[in-house]
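Q: One line per chain: the protein sequences are C and F, in this order.
Going by my numbering, the residue at position 99 of the first sequence is 126; the numbering climbs one at a time, nothing skipped.
Going by my numbering, the residue at position 33 of the second sequence is 706; the numbering climbs one at a time, nothing skipped.
Errors might be hidden in some of the hints.
Below, a sample of chain C positions facing chain F; criterion: calculated Cβ distance under 10 Å [stated by the list, open to error]:
| # | residue |
| --- | --- |
| 1 | Gln33 |
| 2 | Val75 |
| 3 | Ser121 |
| 4 | Glu131 |
Output of the computed footprint for chain C on chain F, the stretches with three or more beta carbons under 8 Å from beta carbons of chain C [as the list claims (entries may be wrong)]:
| # | stretch |
| --- | --- |
| 5 | 716 to 724 |
| 6 | 764 to 773 |
FYI, nobody ran anything at the bench for these hints, they're computed from the structure.
In this text the structure is predicted, and so the values were computed from the model without any measurement.
Ideal Cβ placement from N, Cα and C applies to all residues, glycine included.
Below, each chain spelled out in residue letters.
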Amino acid sequence: DTEVTQTPKHLVMGMTNKKSLKCEQHMGHRAMYWYKQKAKKPPELMFVYSYEKLSINESVPSRFSPECPNSSLLNLHLHALQPEDSALYLCASSQDRRRPNTGELFFGEGSRLTVL
Amino acid sequence: DAKTTQPPSMDCAEGRAANLPCNHSTISGNEYVYWYRQIHSQGPQYIIHGLKNNETNEMASLIITEDRKSSTLILPHATLRDTAVYYCIARWGNTGKLIFGQGTTLQVKP
Numbered sequence: 028d029t030e031v032t033q034t035p036k037h038l039v040m041g042m043t044n045k046k047s048l049k050c051e052q053h054m055g056h057r058a059m060y061w062y063k064q065k066a067k068k069p070p071e072l073m074f075v076y077s078y079e080k081l082s083i084n085e086s087v088p089s090r091f092s093p094e095c096p097n098s099s100l101l102n103l104h105l106h107a108l109q110p111e112d113s114a115l116y117l118c119a120s121s122q123d124r125r126r127p128n129t130g131e132l133f134f135g136e137g138s139r140l141t142v143l
Numbered sequence: 674d675a676k677t678t679q680p681p682s683m684d685c686a687e688g689r690a691a692n693l694p695c696n697h698s699t700i701s702g703n704e705y706v707y708w709y710r711q712i713h714s715q716g717p718q719y720i721i722h723g724l725k726n727n728e729t730n731e732m733a734s735l736i737i738t739e740d741r742k743s744s745t746l747i748l749p750h751a752t753l754r755d756t757a758v759y760y761c762i763a764r765w766g767n768t769g770k771l772i773f774g775q776g777t778t779l780q781v782k783p
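Sequences and hints are given; from them, build the entire structure.
A: The following block contains the structure:
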């Protein structure tokens, strides 16, 4: 199983809503990532978790709140978003960041978010 | 992380080799060159990576110049399914942040 599964695939929310994006992997990977991708732009790194602890926050606004309940799951909680936050949100996972490996990140298909 | 420079777009005829260049003149000794691609509406896909030596796998070959200031990704027999945005990334070790640049849009034509 080499899949990273993201749900939902599409989400429409208002600026006052609270919603969550979910990401799951069963490859035993201990590092998980959130990226944001606007149309026709490259993916931008948001957060990195290593062994269920937040290790990198790329100065992301607090209206985005990541959570890693266990080594297989990664959530992104959304609250009071703005229309400009509409984007494709990509989750990825990789093996232990502290042990040598290929460094390959496995990406999910993304959750396409529209904020009205 | 070193900045990489790629041409914004390239065309390739189906069945021919696609050679995608990347400049990384400020790359440091600890930084690997990674290549990913993103087919429309899908998540990015790892292709290959290398440090100094040329590398080959089932998908592609990576040629790195001796001074490591540039590299070329080679898709030996491009197919229509290889049409995608190709990203060249200089990454610290194999655990550093994976930061995407603007990439090259490769269009494979029949």
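Q: Does each hint hold? Answer for all of them.
A: Right, here's what the structure says about each hint:
1. Gln33: 8 Å, holds
2. Val75: 7 Å, holds
3. Ser121: 8 Å, holds
4. Glu131: Holds, about 4 Å.
5. 716 to 724: Holds, because 5 residues of the stretch 716 to 724 of chain F bring their Cβ atoms closer than 8 Å to Cβ atoms of chain C.
6. 764 to 773: holds (count 8)
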